[in-house]
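K.L.:
Chains as they are written, first to last, in this note's numbering: chain A, 1 to 256; chain B, 1 to 93.
Source of the hints: derived by calculation from the structure; they are not laboratory data.
Treat the hints with care, as some may be off.
Straight-line Cα separation of at most 25 Å, DSS-like style, residue types lysine-lysine; simulated pairs [stated by the list, open to error]: (1) Lys68(A) with Lys41(A); (2) Lys61(B) with Lys115(A); (3) Lys86(B) with Lys11(A); (4) Lys61(B) with Lys11(A); (5) Lys115(A) with Lys63(B); (6) Lys61(B) with Lys68(A); (7) Lys86(B) with Lys2(B); (8) Lys60(B) with Lys68(A).
Letter by letter, the chains look like this.
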Amino acid sequence: MITAGIDMGSKTIKVVILKDGEIIGKSIELAGFESREAAEKAFAGALEAAGIAQGDIEKTTATGAGRKNAPYTEHEVTEVGSDARGVRELYPNARTVLDVGAEEGRAIRTTDEGKVLDFALNEKCAAGAGAFTESMSRALEVPIEELGPLSLQSDASIPMNAQCAVFAESEVVTLVHAKTPKQDIARAVHDAIASRIVSLARKVGFEPDVVLIGGVAYNTGFVDSLERALETKIIIPEDPEFVGAYGAAIIAAEGL
Amino acid sequence: MKAHYGYKDGAGDFFIIIDTDNCIECADHPCIPACPESVLEIIEDDYEDMVCAVTMDHRKKIKYSCAPCKPDRDRPPLLCVTACPKNALEHLW
Ligand code: SF4
Ligand code: SF4
Chain A
1 MITAGIDMGS KTIKVVILKD GEIIGKSIEL AGFESREAAE KAFAGALEAA GIAQGDIEKT
61 TATGAGRKNA PYTEHEVTEV GSDARGVREL YPNARTVLDV GAEEGRAIRT TDEGKVLDFA
121 LNEKCAAGAG AFTESMSRAL EVPIEELGPL SLQSDASIPM NAQCAVFAES EVVTLVHAKT
181 PKQDIARAVH DAIASRIVSL ARKVGFEPDV VLIGGVAYNT GFVDSLERAL ETKIIIPEDP
241 EFVGAYGAAI IAAEGL
Chain B
1 MKAHYGYKDG AGDFFIIIDT DNCIECADHP CIPACPESVL EIIEDDYEDM VCAVTMDHRK
61 KIKYSCAPCK PDRDRPPLLC VTACPKNALE HLW
């Protein structure tokens with residue numbers, strides 16, 4: 001049985017193709033302005049990786065904020081549903097899922113059976129997510145992929161007050177002018193984002209095991225901030241940004 | 001399931017919490033016509049139950065969407081909360 005999951009995120013579109021429960025192809029594309037075109041491209045990439053044709057896919061389930069716009073799709077699930085299902089498959093002992101993407105953050109608590117018990121979404125501008133780190137890396141003039149390792153060099157705690165990316169950027173500029181070491185600013189940026197995600201996690205009453213997914217999970221500095229704030233070890237899957245699409249592909253297979 | 005929709009920013013924590021298990025047995029969904037700003041909608045959730053949710057459009061601006069119901073002084077009971085026969089709606093601010 002071959003199914004696909006497509007995650008129409010705000011910044012990137014991910015496609016995962018499953019054959020009898022195994023991933024045989026996956027692909028990611030920037031959403032850009034033409035998300036449908038980007039989705040078709042992501043699909044084509046995953047098909048090529050899998051070495052199959054579109055007609056071989058028996059069912060496709062879409063998830064993500066733009067799921068209504070997904071091509072080749074017969075079925076939709078919310079991001080909460082697909083995240084929970086994907087994580088359940090990878091880590092049956094997971095009870096809390098944190099998904100931090102480009103423009104939103106999510107906390108989900110599940111039952112022992114994997115059913116969603118509580119969830120909290122923060123969908124306000126870039127104030128809890130990846131776009132925030134991107135604008136901060138610009139303000140610091142540090143490439144985004146270096147922001148995480150840089151912040152790990154710091155053990156200073158500088159509180160950042162701004163909750164919004166625009167104001168935080170000017171706060172960072174002020175710290176730069178005050179000759180605050182860049183690693184301390186980088187850590188402050190990650191601590192600020194982590195505190196918002198922790199506030200979501202507390203809303204759902206998080207319990208271990210905690211799994212972090214979404215593109216921001218690649219940022220080691222953010223993960224360190226989150227682990228310190230939650231006082232718990234966090235599990236990161238191998239491909240954290242594909243877990244939603246993976247969950248959607250599993251849900252498609254279960255619906256056949 | 002407890003669903004939290006909204007956001008936290010420098011001004012505070014602006015979330016609507018919906019205990020959606022209550023919505024499953026709610027036949028008429030009176031919260032929907034009660035809301036003058038069309039903040040709420042009925043959706044089919046991932047377990048194929050029809051439940052109340054905050055619309056995508058309002059999630060990012062919920063503080064402002066609900067502002068007409070929440071004057072600074074002498075705030076009256078919220079129309080959505082009053083309309084809900086199952087006590088399923090809670091506002092955090
Ligand atoms: S009135 Fe209350 S129980 Fe009924 S759908 Fe609305 S929130 Fe749910
Ligand atoms: S407080 Fe007013 S505007 Fe907000 S959801 Fe309730 S009825 Fe609608």
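K.L.:
Does the structure keep Lys61(B) and Lys68(A) at a Cα separation of 25 Å or less?
P.N.:
21 Å, holds
K.L.:
Between Lys61(B) and Lys11(A), does the CA-CA distance stay at or below 25 Å?
P.N.:
This hinted pair holds, its Cα atoms lying about 20 Å apart.
K.L.:
Are the Cα atoms of Lys61(B) and Lys115(A) separated by 25 Å or less?
P.N.:
Cα-Cα ~29 Å, so violated.
K.L.:
Is the Cα-Cα distance between Lys68(A) and Lys41(A) 25 Å or less?
P.N.:
17 Å, holds
K.L.:
Hinted pair, alpha-carbon criterion (25 Å max): Lys86(B), Lys2(B). Please report holds or violated.
P.N.:
14 Å, holds
K.L.:
Hinted pair, alpha-carbon criterion (25 Å max): Lys115(A), Lys63(B). Please report holds or violated.
P.N.:
30 Å, violated
K.L.:
Compare the distance between the alpha carbons of Lys60(B) and Lys68(A) with 25 Å, and conclude whether the hinted pair is satisfied.
P.N.:
19 Å, holds
K.L.:
Compare the distance between the alpha carbons of Lys86(B) and Lys11(A) with 25 Å, and conclude whether the hinted pair is satisfied.
P.N.:
38 Å, violated
In the structure shown, a violation is registered for the earlier hints numbered 2, 3, 5, in ascending order.
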